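Using the sequences and the hints, build the whole thing.
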Amino acid sequence: MSGARKVRIWDLPVRLVHWAIVLIVPAMWATHEYERMDLHILLGQTLLGLVLFRLIWGLIGSSTARFSGFVRGPRAVARYLAGRGGPVFGHNPLGGWSVLLMLLVLVTQVGLGLFAIDEDSLNEGPLSHLVSYETARTLAHRHETFFYILLALIAVHIGAILYYRLFKRDDLITPMVTGRRAAGEDEAAMIPAPWWRFLVAAGLAAGATLLLAQYL
Amino acid sequence: MKHVLLGAAALAAVATAAYAQRPAAQVIQARQANYKQMAAAVKGINDQLRGGSPDLAAIRPRAALLADRALLVLRWFPHGSGPQAGVQTRARPEIWSDRGGFERAGAGLLVAARALNRAAQSGDVAAIRAAMPALTRACSACHDDYRAPEH
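Those sequence lines, one after another, are chains U and V.
In terms of numbering that gives the first Met the number 0, the first sequence has 7 at position 8, counting the first letter as 1, and numbering is strictly consecutive.
In terms of numbering that gives the first Met the number 0, the second sequence has 94 at position 95, counting the first letter as 1, and numbering is strictly consecutive.
For the record, the hints were derived by calculation from the structure and aren't laboratory data.
A portion of the hints provided could be inaccurate.
Some chain V residues near chain U, calculated using beta-carbon distances under 10 Å [what the hints assert, rightly or not]: (1) A39; (2) A40; (3) S52; (4) D54; (5) L55; (6) L109; (7) V110; (8) A114; (9) T135.
A few chain U positions that, by computed beta-carbon distances, are all more than 10 Å from chain V [to be verified]: (10) L99; (11) I116; (12) L121; (13) F145; (14) I153.
Lysine to any residue pairs mimicking SDA-like chemistry, simulated, CA-CA at most 20 Å apart [unchecked claim]: (15) K35(V) with E133(U); (16) K35(V) with A154(U); (17) K35(V) with A139(U); (18) K35(V) with S131(U); (19) K5(U) with A182(U).
Keep in mind that this is a model prediction, so the values were computed, not measured.
Note that the Cβ used here is the ideal one computed from N, Cα and C, for glycine as well.
And the structure:
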């Protein structure tokens, strides 16, 4: 494969958001575990901004970042699972759903945290003032248990990467770092998005995050 | 007059003994409900202080509740209402083995809650704001030493 043609597959924003989430999620666990809730809340707001950005980028980003490019119907998923799907560039039909599910689980988890409060009312999510103490406590408990759903999804994600590496001889990690993968002569490459779209998506995400976290 | 005083003292002794003699489960339950009300009151005050125009009518009863409960906190921990009661409680044995330290922590809470309540009843928002950190510090100071972690 050393002489194979390399083409772009993941743009820089997709990769940066991906690896930032990889760093932030364990950091959020640790800041809770070691009772640094000030940092936990700050990281949560950062994560919220990143996930919002990724959702917007899924609408206006490069071809492989777009939901319209990789969220496929059940028949496409079934064909892929049966091995009759043909070659895929970017997320495959099953992986596409796992990306969407991961983003939804992250949004839900951060959303619960926004309204949560600790039992002593010392640390509060930036939107907890909109609900009662009892509701904020209930949401804090949900926030704690929902983390296991996120953990399960991460386990499936890592499991899938290992499966592809070991059984299909397909390295998914390197392209997520370098943004490039080997491709056949006839395979298309990613169609990048113009840089100003990145500014639009980043501006919208940052604005929405600040509004949610600071001013509501 | 002397009879009245004696009567009052006897009544108080009986009341305290009665509280102490309630089943530990009831004492622990009531204690936890009281602390939850205090935490809810702190949240209610913080919620008001967040906005630009805090509602004193919402702050005052909560500050009063905190001052009232702060006076009672030490009584919520009669002997036998610790972990040995067989009921879920995060009250640590140090509450009883280090009673002096525990009572100092309780006194610290009372001072902070009364300062907050004075500020609230006077209607001075800046003073209310200034009184909150001392109150939450008093909460944490006691919880750090005398309350077991959640898990």
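Inset, instruction - Double-check A114(V) for me: the hint is only fine if its C-beta lies closer than 10 Å to a C-beta in chain U. - result: For A114(V), the interface hint is violated, since the closest Cβ of chain U sits about 18 Å away, which is over 10 Å.
Legend entry - Assertion that L121(U) lies outside the chain V interface [Cβ separation over 10 Å]: For L121(U), whose nearest Cβ neighbour in chain V is about 5 Å away, the distance does not exceed 10 Å, so it is violated.
Inset, instruction - Compute the least Cβ-Cβ separation between F145(U) and chain V, then decide whether it is above 10 Å. - result: 17 Å, holds
Legend entry - Straight-line alpha-carbon gap K35(V) to A139(U), limit 20 Å: 14 Å, holds
Legend entry - Evaluation of the interface hint that places A40(V) against chain U, nearest CB under 10 Å: Interface hint status for A40(V): holds (8 Å vs cutoff 10 Å).
Inset, instruction - Determine whether the non-interface label on I153(U) survives the test: each CB of chain V must be over 10 Å from its CB. - result: 21 Å, holds
Inset, instruction - Would you mind confirming whether the straight-line C-alpha gap from K35(V) to S131(U) stays at or under 20 Å? - result: 12 Å, holds
Inset, instruction - Could you check if A39(V) really has its C-beta closer than 10 Å to a C-beta on chain U? - result: A39(V) check passes; min Cβ-Cβ to chain U is 4 Å, inside 10 Å.
Legend entry - Hint check: 10 Å Cβ-Cβ cutoff, L55(V) to chain U: With a closest approach of 17 Å, the L55(V) hint is violated.
Inset, instruction - Would you settle whether the hint for V110(V) is holds or violated, based on the nearest Cβ-Cβ distance to chain U being less than 10 Å? - result: 18 Å, violated
Inset, instruction - For the pair we were handed, K35(V) and E133(U), check the Cα-Cα distance against 20 Å. - result: Holds, at roughly 9 Å.
Inset, instruction - Hold the hint about T135(V) up to the distance rule: shortest CB distance to chain U must be less than 10 Å. - result: Given a least distance of 5 Å, the restraint on T135(V) holds.
Taken one by one, the earlier hints fail for this structure at numbers 3, 4, 5, 6, 7, 8, 11, 12, 16, listed in ascending order.
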